[in-house]
Amino acid sequence: NQTEIKNTQKINLEKFAEILRKRAKEKSQHQCAKYVRIALEAGGADTSGHPVAASDWGPTLKKIGYKEIPEEFNKPQLGDIYIITKTDKHQYGHIAGYDGSQWISDFKQKGHRIYSDHVNYRYFRM
Numbered sequence: 001n002q003t004e005i006k007n008t009q010k011i012n013l014e015k016f017a018e019i020l021r022k023r024a025k026e027k028s029q030h031q032c033a034k035y036v037r038i039a040l041e042a043g044g045a046d047t048s049g050h051p052v053a054a055s056d057w058g059p060t061l062k063k064i065g066y067k068e069i070p071e072e073f074n075k076p077q078l079g080d081i082y083i084i085t086k087t088d089k090h091q092y093g094h095i096a097g098y099d100g101s102q103w104i105s106d107f108k109q110k111g112h113r114i115y116s117d118h119v120n121y122r123y124f125r126m
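Residue numbers for the sequence shown follow UniProt numbering, beginning at 1 and rising by one.
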């Protein structure tokens, strides 16, 4: 079947985590998608054609081999990524990756709940 796309990318999740940690700031830079993208690319992912808005990253994550699964915030694994879908208040949404000990986007997060209002999550695992 010619329309079926096979993922042949091998992403080094240790390298992904290392670059997330190395580049993370103490506070948000409002560039979460850029920081996660750079870490994915450092791990070997081809993110060509990626969107700008964090909320729109689902198809790109699937293209590089991630699968959308039910939320696993209580037991995240190295390389997991979550997306917060856009809302009126958060027009670009949010994206972050798990480095094995904490969630990191463009900053080192205290947890996955970075907004106090209700948001919807999409959760991805390699």
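Treat the hints as calculated values from the structure; they're not laboratory data.
Accuracy of the hints is not assured; some may be wrong.
[Said to hold, decoys possible] Calculated cross-link-like contacts (lysine-lysine; reagent style DSS-like; alpha-carbon spacing at most 27 Å):
id : residue 1 : residue 2
1  : Lys108    : Lys67
2  : Lys108    : Lys25
3  : Lys110    : Lys34
4  : Lys34     : Lys15
5  : Lys27     : Lys10
6  : Lys25     : Lys86
7  : Lys110    : Lys75
8  : Lys10     : Lys89
9  : Lys15     : Lys89
10 : Lys10     : Lys62
11 : Lys34     : Lys62
12 : Lys110    : Lys67
13 : Lys22     : Lys63
14 : Lys75     : Lys10
15 : Lys15     : Lys67
16 : Lys75     : Lys86
17 : Lys110    : Lys25
18 : Lys86     : Lys67
19 : Lys86     : Lys27
20 : Lys67     : Lys34
21 : Lys108    : Lys10
This one's a predicted model, so the numbers in the text were calculated from it and none came from an experiment.
### Message
Check whether the Cα positions of Lys10 and Lys89 lie no farther apart than 27 Å.
### Response
It is violated: about 36 Å lies between the C-alpha atoms, which goes past 27 Å.
### Task
Given the hint that Lys86 pairs with Lys27, test it: the Cα-Cα distance must not exceed 27 Å.
Between Lys86 and Lys27 the Cα gap is close to 20 Å, so the pair holds against 27 Å.
### Message
For Lys75 and Lys86, compute the direct alpha-carbon distance and say whether it is at most 27 Å.
### Response
Cα-Cα ~24 Å, so holds.
### Message
Hinted pair, alpha-carbon criterion (27 Å max): Lys108, Lys67. Please report holds or violated.
### Response
With Cα atoms ~24 Å apart, Lys108 and Lys67 stay inside 27 Å; holds.
### Query
Is Lys108 close enough to Lys25, meaning Cα to Cα at most 27 Å?
holds (7 Å)
### Message
For Lys67 and Lys34, compute the direct alpha-carbon distance and say whether it is at most 27 Å.
### Response
holds (20 Å)
### Query
Going straight from one Cα to the other, do Lys22 and Lys63 come out at no more than 27 Å?
The given pair, whose Cα atoms are some 25 Å apart, holds under the 27 Å limit.
### Task
With a cut-off of 27 Å on the C-alpha distance, tell me whether Lys15 and Lys89 pass.
At roughly 33 Å apart (the allowed maximum being 27 Å), Lys89 and Lys15 break the hint.
#### Entry: Hint consistency between Lys27 and Lys10 [alpha-carbon to alpha-carbon, up to 27 Å]
Roughly 31 Å between the alpha carbons, so the hint for Lys27 and Lys10 is violated.
### Task
Given the hint that Lys15 pairs with Lys67, test it: the Cα-Cα distance must not exceed 27 Å.
Given pair Lys15, Lys67 holds - Cα atoms ~19 Å apart, limit 27 Å.
#### Entry: 27 Å limit on alpha-carbon distance, applied to hinted pair Lys110 and Lys25
holds (13 Å)
### Task
Compare the distance between the alpha carbons of Lys34 and Lys62 with 27 Å, and conclude whether the hinted pair is satisfied.
Since the Cα atoms of Lys34 and Lys62 sit roughly 17 Å apart, the hinted pair holds (cutoff 27 Å).
The structure does not agree with the numbered hints 5, 8 and 9 stated previously, though it agrees with the rest.
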